[in-house]
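Heads up: the sequence shown at position 38 corresponds to 37 in numbering that gives the first Met the number 0, and the numbers run straight through without jumps.
Because the hints were derived from the structure by calculation, they are not lab data. Using N, Cα and C, we set each Cβ at its ideal position, and we do this for glycine too. There's no promise every hint is true.
[Said to hold, decoys possible] Across the chosen pairs, the derived CB separations fall in these ranges:
id	residue 1	residue 2	range
1	H139	K26	24 to 34 Å
2	T109	V5	17 to 27 Å
3	I59	R18	27 to 37 Å
4	K179	E57	16 to 26 Å
5	A175	T17	16 to 26 Å
6	K26	L70	39 to 49 Å
7	G29	H139	30 to 40 Å
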Amino acid sequence: MKKKNVVLDDKAMNRALTRISHEILEKNKGGADLVIVGIKTRGIPLAQRLQEKIKKIEDIDVPIGELDITLYRDDLQKAVESSEPELKDTKIDVDVTNKKVILIDDVLYTGRTVRAAMDAVMDIGRPSQIQLGVLVDRGHRELPIRADYVGKNIPTSEKEIIVVQLDEIDASDQVAIYEK
């Protein structure tokens, strides 16, 4: 893979997450009845950062959770044939019934991950609403899914890959475009 360019550095990423935090609070008229759920892997640290920012803005603790969608993937059969699917724990310690669940992921691409995440959340409880926040929307949807909160829209070609690096996992914060 050949690196093309960095589209979000650490400062731009921080600004995007601060903006998303404000948008979440504005759209939902505060933080009551919200649950922020990060989709594994990089959605979890993003959800934690949003929780911290909302705490600074409104001085409320919005509960967060971690969602593993492995068993909900529509390509699970392919994954099973190639290897054993790796299960990571889903950890949502609050009842999502009648709450506004905000799913958080790093990149929105085809929409299939989000569809799987919605199925997983619905198996846990019946939220009053499911919203979606992503750091990057790169286009190329295969399902009628759109994000409510977007850090940055980055139109890409099918030959490009978006790589999100987060300090908690990768020891740096940046979003870059690579060519396959």
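Going through the hints against the structure:
{"no.": "1", "hint": "H139 - K26: 24 to 34 Å", "verdict": "holds (25 Å)"}
{"no.": "2", "hint": "T109 - V5: 17 to 27 Å", "verdict": "holds (24 Å)"}
{"no.": "3", "hint": "I59 - R18: 27 to 37 Å", "verdict": "violated (18 Å)"}
{"no.": "4", "hint": "K179 - E57: 16 to 26 Å", "verdict": "violated (42 Å)"}
{"no.": "5", "hint": "A175 - T17: 16 to 26 Å", "verdict": "holds (21 Å)"}
{"no.": "6", "hint": "K26 - L70: 39 to 49 Å", "verdict": "violated (31 Å)"}
{"no.": "7", "hint": "G29 - H139: 30 to 40 Å", "verdict": "holds (34 Å)"}
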